[in-house]
Amino acid sequence: MSNSSPPDRHRLGRRALVAAAATTLAMPATAATPDPAITTLPDWSQILGDGVQAHPYGVPSPFEKHVIRRDVEWLTAGQQSSVNFTPLHALDGTITPNGLCFERHHGGVAAVDPDQHRLMIHGMMAKPVVLTMQDLKRLPRMNRIYFLECAANSGMEWRGAQLNGAQFTHGMIHNVQYTGVSLRSVFETLGIDPRAKWVMAEGADAAGLNRSIPLAKAMDDCMLAFAMNGEALRPEQGYPLRLVVPGWQGNMWVKWLRRLKIGDAPWETREETSKYTDLLADGRARRSTFVMDAKSVITSPSPQTAASPRGRMVISGIAWSGRGSVTRVDVSLDGGRNWQAARIDGPVQSLALVRFYVDLDWNGQEMLLQSRAQDSTGYLQPSKPDLRKIRGVNSIYHNNGIQTWLLRGDGVCENVEVS
Amino acid sequence: MGFVRMLKYLEEGLLFVNKKKQKNFLILVPWGRGWRVAVKPRYGEPLRTLVMTVFLCVGILAPSPITAAELLVGRPALPAEIAAWDIDARPDGKGLPPGQGNVKQGETLYLERCAACHGEFGEGAGRWPELAGGAGTLAHDRPFKTVGSYWPHATTAFDYIRRAMPFGQAQSLQADEIYALVAFILNLNDIVKDDFVASQDNLATIKMPNAAGFYDDDRETAERGFWVANPCMTDCKPPARITGHAGAIDVTPDSKTAPKME
Chain A
81 MSNSSPPDRH RLGRRALVAA AATTLAMPAT AATPDPAITT LPDWSQILGD
131 GVQAHPYGVP SPFEKHVIRR DVEWLTAGQQ SSVNFTPLHA LDGTITPNGL
181 CFERHHGGVA AVDPDQHRLM IHGMMAKPVV LTMQDLKRLP RMNRIYFLEC
231 AANSGMEWRG AQLNGAQFTH GMIHNVQYTG VSLRSVFETL GIDPRAKWVM
281 AEGADAAGLN RSIPLAKAMD DCMLAFAMNG EALRPEQGYP LRLVVPGWQG
331 NMWVKWLRRL KIGDAPWETR EETSKYTDLL ADGRARRSTF VMDAKSVITS
381 PSPQTAASPR GRMVISGIAW SGRGSVTRVD VSLDGGRNWQ AARIDGPVQS
431 LALVRFYVDL DWNGQEMLLQ SRAQDSTGYL QPSKPDLRKI RGVNSIYHNN
481 GIQTWLLRGD GVCENVEVS
Chain B
484 MGFVRMLKYL EEGLLFVNKK KQKNFLILVP WGRGWRVAVK PRYGEPLRTL
534 VMTVFLCVGI LAPSPITAAE LLVGRPALPA EIAAWDIDAR PDGKGLPPGQ
584 GNVKQGETLY LERCAACHGE FGEGAGRWPE LAGGAGTLAH DRPFKTVGSY
634 WPHATTAFDY IRRAMPFGQA QSLQADEIYA LVAFILNLND IVKDDFVASQ
684 DNLATIKMPN AAGFYDDDRE TAERGFWVAN PCMTDCKPPA RITGHAGAID
734 VTPDSKTAPK ME
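Sequence lines, in order, name chains A and B. Start counting the first sequence at 81; every next residue gets the next number (the numbering used here). Start counting the second sequence at 484; every next residue gets the next number (the numbering used here).
Hint data in this document are derived by calculation from the structure and do not stem from the laboratory. Since the structure is predicted, the reported quantities are computational estimates derived from the model, not experimental observations. Where a beta carbon is used, it is the ideal one built from N, C-alpha and C, also for glycine. Treat the hints with care, since some could be wrong.
[Stated by the list, open to error] The calculated lysine-lysine pairs, modelled on PhoX-like cross-linking and capped at a C-alpha distance of 20 Å, are:
hint, chain 1, residue 1, chain 2, residue 2
1, B, K690, B, K577
2, B, K587, B, K720
3, A, K469, B, K720
4, A, K277, B, K577
5, B, K676, B, K690
6, A, K207, A, K277
[Said to hold, decoys possible] If we take Cβ atoms under 8 Å as the criterion, some of the chain B residues that face chain A in the derived model are:
hint, residue
7, V556
8, G557
9, P649
10, G651
11, K676
12, K690
13, A694
14, F697
15, D700
16, D701
When you get a sec, could you build the whole thing from the sequences and use the hints?
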């Protein structure tokens with residue numbers, strides 16, 4: 081172990097910093113003077129770097145320290161019932177790193193001792209049981225990649241463009257690989273009463289968060305997950321056990337899962353009545369809107385990314401659907417008048433996020449960048465005006481309208497609304 | 484008889500090995516699905532088993548078969564354990580515990596344990612949630628959703644307060660106290676009279692003003708237009724006009740005009 085000197089000041093000489101600053105700027109096509117990043121030897125090419133155990137649990141480069149989850153302080157009364165956002169603008173590929181997955185808690189992060197954690201399954205079944213984490217890890221396992229989106233993602237944008245950044249407008253989503261056991265296989269061995277229709281899932285946190293899940297969904301593809309991206313769940317994602325409810329709103333993916341109760345009717349808990357119901361313009365509200373509609377967003381360029389230079393440009397974005405797989409993504413440069421097919425690169429899986437690109441040569445002209453996703457059921461992501469015609473502006477939840485970024489001549493983006 | 488034969492062979496084996504005056508001359512080695520007795524080899528020697536042991540010794544020396552109990556994962560939940568965790572209540576009254584509490588008792592408790600955040604009249608202190616008011620505002624431009632104006636069931640308030648409130652002191656209230664608090668919150672919302680007593684028997688029968696205000700997800704029919712066979716690719720609409728800028732409102736963290744919290 082090294083003596084822990086602050087990592088971001090560790091052996092970064094002045095020369096190195098100057099060189100690093102120079103290379104973050106786009107390279108001109110021709111050079112008048114030799115590049116000091118080449119002509120000056122940086123410290124890291126001369127002095128030995130950290131040894132193997134400098135970071136027993138690895139951390140990102142200090143140059144990436146701005147890539148963090150962010151909250152919006154004015155949104156909530158305190159930090160324990162609050163939310164922060166995945167830095168989508170700074171990520172690429174399809175898998176979200178564990179430490180950057182957005183957080184939403186209703187009673188803070190429960191600090192659960194896995195040896196003291198129990199899962200109770202009871203209600204309409206022959207024999208109620210208690211399982212330990214060790215018990216769960218002795219059952220056959222599965223690995224699945226799924227996106228998780230909070231139903232309130234983009235909820236601040238119903239009345240118009242408000243927050244300047246993909247992180248804040250769309251950052252209540254992440255996409256990771258879960259390891260766990262199939263809920264159906266557990267239920268099948270326990271013998272559920274055939275008259276049962278619903279399952280109530282409850283967390284061990286200080287909110288005791290509880291949601292009703294149709295038994296049909298539980299028997300279809302739900303998982304009891306104890307790992308994400310190959311390691312134990314992070315505390316803020318429900319360590320040691322969370323429910324995985326693929327394609328459905330994040331609030332149902334109960335974290336710190338301690339209890340599953342089988343019943344014949346929904347519980348209509350606070351989280352499925354007061355919250356997570358969609359108030360429409362006529363004053364009535366939709367409930368049980370579990371499925372997340374197809375949606376996409378351009379993550380780069382976007383308002384938080386560095387100014388884009390003229391010339392070659394990569395437009396990068398993500399798309400997903402709770403109804404199946406993403407079959408196409410189109411990108412518009414003129415605010416939705418004309419569209420071109422984007423290139424999807426990387427895995428395309430049902431109920432998981434895909435990454436798309438458009439590679440273009442930009443002449444510095446203003447552009448209104450949009451993306452629109454279509455899924456395997458034919459659902460086409462609607463424009464915000466079309467969505468508001470049906471859902472009004474008071475719904476809070478399920479805002480999957482097409483996002484517009486204005487790319488200005490100076491290469492900087494702004495969140496705008498278009499006709 | 485088999486056992487006798489085994490002993491005989493074993494004896495012969497002992498004699499055989501004894502001649503060599505070797506210590507710890509017999510060892511057990513795993514063999515197929517059972518065990519065999521073998522002559523302990525010297526370094527570099529091949530392993531020589533004694534033929535006789537296989538099926539005779541299996542019953543005595545092999546690991547016993549896995550029992551049905553060992554194959555069960557988890558164990559039965561005890562009634563006391565279920566009782567300790569079974570805190571949910573449903574709109575049909577299932578799960579409500581015995582007990583009762585009136586508006587007056589609820590007010591006293593509420594002022595002590597809830598008003599600091601939710602306000603003396605449920606109006607919400609600062610940015611903490613409101614619990615009362617908002618009747619008739621759901622179709623307004625700025626709807627005001629509270630237990631009184633929005634919630635379809637009074638039992639939900641019981642279930643929620645029992646598990647989550649007071650915020651930071653979850654599950655510290657007794658059943659009678661929760662009934663009293665629900666009675667008081669309903670009274671704040673003009674849903675029950677001042678002399679109301681909430682109990683296991685009547686909470687599921689309270690008619691909430693917005694009980695009929697909800698309907699099941701109908702997106703697949705009401706929004707059928709969003710399913711499109713061939714998405715439009717060119718000249719899909721008139722040239723786009725910018726109708727709003729986030730920069731104009733600017734409430735983004737880090738922006739110069741964003742609201743600052745203490």
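What are the numbers of the hints the structure violates, in ascending order? Hints 2, 9, 11, 12, 13 not satisfied by this model.
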